Amino acid sequence: MEKRPIIEFKSFGFQYFSQAEPTLEDINLTIYEGEKILIVGPSGSGKSTLGNCINGLIPFAYKGEIKGSLEVAGVNTQQMNIFELSKKVGTVLQDSDGQFIGLTVGEDIAFALENDCVSLNDMKDKVAKVSAMVDMNHLLNASPFELSGGQKQRVSLAGIMVDDVEILLFDEPLANLDPVTGKKAIELIDEIQKETNKTVVIIEHRLEDVLHKRVDRVIVVNEGRIVADMTPDELISSDILTGYGIREPLYATALKYAGVKLQPDMKPGMLSSLLVDKVAHNLVNWNEKQLVEESIDTRPDILTCENLCFQYNKRRRILQNINFRIKEGEMVSIVGTNGAGKSTLAKLICGFLKEDEGKIYFQGEIFSDKTIKERSKLIGFVMQNPNQMISKSMIYDEIALGLRIRGVLEKEIEERVDKVLKICGLSPFKKWPISALSYGQKKRVTIASVLVLDPKIIILDEPTAGQDFHHYTEIMEFLKELNKKGVTILLITHDMHLMLEYTPHAIVLANGVKVGDSSAVDILTNEEIARQANLKITSLYEIAKMAGIYDATSFVSKFIQHDRKELAYEK
Amino acid sequence: MKSKLFDYVERDNLVFHLSGVTKLICFICLTFSVMFSYDIRVILSVMILSLIFFKVSGLEWKQIKLMVIYVIVFLLINFVLTFIFSPQYGVEIYGTKHEIYRFNSRYTITLEQLLYQITKLTKYASVVPLGLIFLLTTNPSELAASMNRIGLNYKAAYALSLTLRYFPDLIRNYQDISLAQQSRGLDLSKKEKLGVRIKNIMNICVPLIFSTLDRIELISNAMDLRGFGKHKKRTWYASKRLKRQDYIAILIAVFVLVGSICISVFINRSRFYNPFI
Numbered sequence: 001m002e003k004r005p006i007i008e009f010k011s012f013g014f015q016y017f018s019q020a021e022p023t024l025e026d027i028n029l030t031i032y033e034g035e036k037i038l039i040v041g042p043s044g045s046g047k048s049t050l051g052n053c054i055n056g057l058i059p060f061a062y063k064g065e066i067k068g069s070l071e072v073a074g075v076n077t078q079q080m081n082i083f084e085l086s087k088k089v090g091t092v093l094q095d096s097d098g099q100f101i102g103l104t105v106g107e108d109i110a111f112a113l114e115n116d117c118v119s120l121n122d123m124k125d126k127v128a129k130v131s132a133m134v135d136m137n138h139l140l141n142a143s144p145f146e147l148s149g150g151q152k153q154r155v156s157l158a159g160i161m162v163d164d165v166e167i168l169l170f171d172e173p174l175a176n177l178d179p180v181t182g183k184k185a186i187e188l189i190d191e192i193q194k195e196t197n198k199t200v201v202i203i204e205h206r207l208e209d210v211l212h213k214r215v216d217r218v219i220v221v222n223e224g225r226i227v228a229d230m231t232p233d234e235l236i237s238s239d240i241l242t243g244y245g246i247r248e249p250l251y252a253t254a255l256k257y258a259g260v261k262l263q264p265d266m267k268p269g270m271l272s273s274l275l276v277d278k279v280a281h282n283l284v285n286w287n288e289k290q291l292v293e294e295s296i297d298t299r300p301d302i303l304t305c306e307n308l309c310f311q312y313n314k315r316r317r318i319l320q321n322i323n324f325r326i327k328e329g330e331m332v333s334i335v336g337t338n339g340a341g342k343s344t345l346a347k348l349i350c351g352f353l354k355e356d357e358g359k360i361y362f363q364g365e366i367f368s369d370k371t372i373k374e375r376s377k378l379i380g381f382v383m384q385n386p387n388q389m390i391s392k393s394m395i396y397d398e399i400a401l402g403l404r405i406r407g408v409l410e411k412e413i414e415e416r417v418d419k420v421l422k423i424c425g426l427s428p429f430k431k432w433p434i435s436a437l438s439y440g441q442k443k444r445v446t447i448a449s450v451l452v453l454d455p456k457i458i459i460l461d462e463p464t465a466g467q468d469f470h471h472y473t474e475i476m477e478f479l480k481e482l483n484k485k486g487v488t489i490l491l492i493t494h495d496m497h498l499m500l501e502y503t504p505h506a507i508v509l510a511n512g513v514k515v516g517d518s519s520a521v522d523i524l525t526n527e528e529i530a531r532q533a534n535l536k537i538t539s540l541y542e543i544a545k546m547a548g549i550y551d552a553t554s555f556v557s558k559f560i561q562h563d564r565k566e567l568a569y570e571k
Numbered sequence: 001m002k003s004k005l006f007d008y009v010e011r012d013n014l015v016f017h018l019s020g021v022t023k024l025i026c027f028i029c030l031t032f033s034v035m036f037s038y039d040i041r042v043i044l045s046v047m048i049l050s051l052i053f054f055k056v057s058g059l060e061w062k063q064i065k066l067m068v069i070y071v072i073v074f075l076l077i078n079f080v081l082t083f084i085f086s087p088q089y090g091v092e093i094y095g096t097k098h099e100i101y102r103f104n105s106r107y108t109i110t111l112e113q114l115l116y117q118i119t120k121l122t123k124y125a126s127v128v129p130l131g132l133i134f135l136l137t138t139n140p141s142e143l144a145a146s147m148n149r150i151g152l153n154y155k156a157a158y159a160l161s162l163t164l165r166y167f168p169d170l171i172r173n174y175q176d177i178s179l180a181q182q183s184r185g186l187d188l189s190k191k192e193k194l195g196v197r198i199k200n201i202m203n204i205c206v207p208l209i210f211s212t213l214d215r216i217e218l219i220s221n222a223m224d225l226r227g228f229g230k231h232k233k234r235t236w237y238a239s240k241r242l243k244r245q246d247y248i249a250i251l252i253a254v255f256v257l258v259g260s261i262c263i264s265v266f267i268n269r270s271r272f273y274n275p276f277i
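Residue numbers (the UniProt record's numbering), protein chains in the order written: chain A, 1 to 571; chain B, 1 to 277.
These are calculated hints, taken from the structure and not from any lab test.
These figures come from a predicted structure and were not determined experimentally.
Ideal placement from N, C-alpha and C gives every residue a C-beta, glycine not left out.
Just to be clear, a hint being listed does not mean it is correct.
Result set (DSBU-like, lysine-lysine): computed pairs, CA atoms no more than 30 Å apart in a straight line [said to hold, decoys possible]:
id: 1; chain 1: A; residue 1: K124; chain 2: B; residue 2: K199
id: 2; chain 1: B; residue 1: K230; chain 2: A; residue 2: K198
id: 3; chain 1: B; residue 1: K199; chain 2: A; residue 2: K411
id: 4; chain 1: B; residue 1: K240; chain 2: A; residue 2: K126
id: 5; chain 1: B; residue 1: K240; chain 2: A; residue 2: K354
id: 6; chain 1: A; residue 1: K373; chain 2: B; residue 2: K199
id: 7; chain 1: B; residue 1: K193; chain 2: A; residue 2: K373
id: 8; chain 1: A; residue 1: K456; chain 2: B; residue 2: K191
Heads up, incomplete: computed chain B residues facing chain A, CB under 10 Å, no partners named [stated by the list, open to error]:
id: 9; residue: D169
id: 10; residue: L186
id: 11; residue: R226
Could you put the whole structure together from the sequences, leaning on the hints where they help?
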C-alpha cells in the first residue's frame, strides 16, 4: 500500500523578521502517515523553528517571511490558521511545567475541549478516557504542584490527545526529566504510537535516550538545512553526528575505540538491536589491553557535613543524617531525583536555610553560625537559569555588582573584573550589553559574576540543562579549567554523561537520604543505587555485559580514562 | 509562606457544594442589599445570615485571622476618623439631636451620630465574612467559570484564573532569586539603609520580570496551540451544574435584596432608618 504523505516541506525557507539571516533554507522533507521521526541538531540549528512551522506557531505567533510551501495533511499551512492546524498537530512543549494551564489535571486535559465548547458531560467522558491512556486517571483532581515532571508531561500528552490529532509533535521532551523518567517517557510515546498509529515527530538532541525505542528515520538539521535523512542504523554507522556537534551513543563511541567499523547491517541504531556477536571480540581485546591508572587522593578536606538533618515540618523530612566530605579542588556531582533534597542541601551549605541538626565544617572550622553574606565570600551559588540572576543590562556592571556592594574601590573592581572576563573567555564582550549574548554566554556571565568574588567553592544548579552537546562541552570544559585552577566545584545535576565524564566523585541522594557516595563509574554501574535514585545504568556497562566482559565496571572506567585522553589529544 | 493566605482547601459541606455562580450571585446580592440600606435591622439580619453561612462552611479561624485583624484595624480607624471629620453628620441625616456628652460645640456625641456610625460599621463588618466565604470556598478554577457565566468576557476571566495559578510560582521564583542575589552580597535585612534596600530589591525585580516574561510567552504559545480564543464562547470543565440547593440559595439572596430595597422604599421612605421621629 502506498503511504500517504502527511507533512511535506517543498523548497521551504523561513526568516524571522527580527533576524538578518534565514533560519531555515531549502528544506525538502516528506513525512508519511504513521511514521516515527526524530529530528536532531545542535542549538540554533533551526530544529525548533522547523517544529514551530509544523504546529503553526510560525507564522501565527512568530512573524517572518516564508518561502516555498509546507503542506500538513494535504493542505498548505498558509491557508490554515493555528486553530485549524491544532486539530491536526498536537504539540507537547519542552517545559511541561510552564505549559500546564489548568489548575488541576482534569482541567488541563480538558483545555482544548473547553475551547471547542464541548458540553460538560462529553468533556468528562473524554477526559476520563484519555487520562486512562496515559495512566493519570487516578490523579484528575491533583494540582500541578503535586505532580512530578514525568506526570506533568503525561498530562500534556493527554491534553493534546483529547483532540484526536493526526500528528504528535514533541519539542525536546527529555529536557527536564531525570534519566529513568525520560526513558519511561520514550516508552510511553512508543506505546501510544503503536496503539493509535499516529505520526510522531520528536525534536531532541539527546539521541541515545530517544533511540531507546525504535524510530523510523532520523533527520539531522544544521545551520537551517537538512544534512541527513536516514535510518538510525545508517546514521550511527556514519560519521555525520560528530561533525555536527551531536553526541553519538556512548556504546557506539566505545565500539569505535575498540576499532570496530560500524556497518548498518550490524544494526547499531539501538543497543537492543545491535548484533553484539560480531563485535564482542573487539571489545574484549580492547578491554584487556587498557591499563587502569590508580591514584590516591591526599588533598585536605574543604567541606564536611556531619549528620545533617532538615525538615520544613514534622511530616515531611527533607534531609536525614547526611554525612560526606569533599576535598579541596574536587569536582563533585550531587545527583538524585526531583525532590530528593539536592537543592535543599545546596541551600544549607550556602546558608539560605538553617539545618535542624548536624554540622557543616569549612576547612575544619564550624560553619553553622555564619551568615549568608559571610559564607558568600567562600561559596558561590549559580542558579540554573541565567535569566534568574542577571539584573544589570551591561556585562561589566553585572560582574562588578558583587564587588560594588562590598564597597571595593572602582580601580580594583576593574582589575578583578578584567581578570575574570579573561578566565571566562568574555574579554571581547567587556563593553557589551547582556542582551547581545547567547544562552551559553549568559551562563558564563553568571559564573563570572560569582567567580569575581573569589570563592573557594562554586555550587552550580543544573549547569547544562537544555544545552546541546556543543554548549554542554563548552560549559563543562570551562568548569574543568576553573577546577584545575583550584576552585572546588559542586554540580547539582541529573545528567549522567556529565557525572561520568567530568566528576570523578558523585554523591547520590534519594528521598532525603544519602544512598551513594563514590566514584561516578561505581554509581552508574550499581543497579541498586541507580534504582533508588532514578538513574539509568550506562549503556557502556550494558554493552560490556553483552560482550561477555566479566568486570564491566572496570570497562567503564577504562572507557572514561581513554575518552579523556582522546579529548585532550583533539585539543 | 504568604501565598498560603488564600489557599483553597476542599471541604465537604453545603457551602462548598454550591456552584461558584450561585456563590457569586449571592455575594453580589447580599453585598448590594447591605450597601444600599442604612437600616441597621436589615444589616444585622444579613450579618447574622452571613455568620451562619460562615459557621456552616467550616472555615478555620487561622485561615482568616490575618484578614480579620486588618479589617478590625481598618474599621476602628474609620470609626474614629468619621467622628473627627464630621461629628454632626448623624444630626444632619436624622434631623433631631439627642446629646449624650458634650466636649465643645463641634465635638458633641449624639445618639444620632452614634446610630449612623454603628450602622456604617456593621455594614462593612457584614460584608467581610461574605467576601471571605466566597473567596475561600470557591475553587479558583471555578471562579473564572462563574465570572464568565454571569457575563464577564471569558478571556478576562481566564486571565484572572491564570494569575491565581501562577501567583505561588511567582513568589517561589522571587524567593529563589533573592537568595541567589543575597549570596552575592546583596543585603535585604534591616541593617541596610532604606534607600539601599529599595535599590537592592530592584536588583531582584529585574531578573524576576525577565523570567516571568519568558513564562508568559511559553504559556501563551501553549494556549494558542490548544485553540484558546477560537470561538466567542467556551465551556468550563470546572463548572458545576446548578442543583436545587443552588436555586434555593439564589432565591433567598434575591429575596433579601428585594426585601432590603422594599424596606427602604416603602417603610423607611429613605435609605436611612429613623427611630428618632
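Hint check:
At most 30 Å may separate the alpha-carbon atoms for a hinted pair to count; K124 of chain A and K199 of chain B exceed this at roughly 51 Å. About 25 Å separates the Cα atoms of K230 of chain B and K198 of chain A, which keeps this hinted pair within 30 Å; it holds. For the suggested pair K199 of chain B and K411 of chain A, the alpha carbons sit about 23 Å apart, so the restraint of at most 30 Å is met. Using a Cα cut-off of 30 Å, the hinted pair K240 of chain B and K126 of chain A holds, with the two alpha carbons roughly 17 Å apart.
A threshold of 30 Å between alpha carbons decides the hint, and for K240 of chain B with K354 of chain A the separation of about 45 Å lies outside it, so the pair is violated. In summary, the hint linking K373 of chain A to K199 of chain B is supported, as the alpha carbons are separated by about 17 Å, within the 30 Å threshold. As the CA atoms of K193 of chain B and K373 of chain A are separated by approximately 16 Å, the hinted pair is consistent with the 30 Å bound. Proximity of K456 of chain A to K191 of chain B is assessed by CA-CA distance (about 27 Å); at most 30 Å being required, the pair is judged to hold.
For D169 of chain B, the shortest C-beta to C-beta distance to chain A is roughly 8 Å, which falls under 10 Å, so the interface hint holds. Because the closest C-beta pair between L186 of chain B and chain A is about 6 Å apart, less than 10 Å, the hint holds. Among the interface hints, the one on R226 of chain B holds; its C-beta lies about 4 Å from the nearest C-beta in chain A, closer than the 10 Å criterion.
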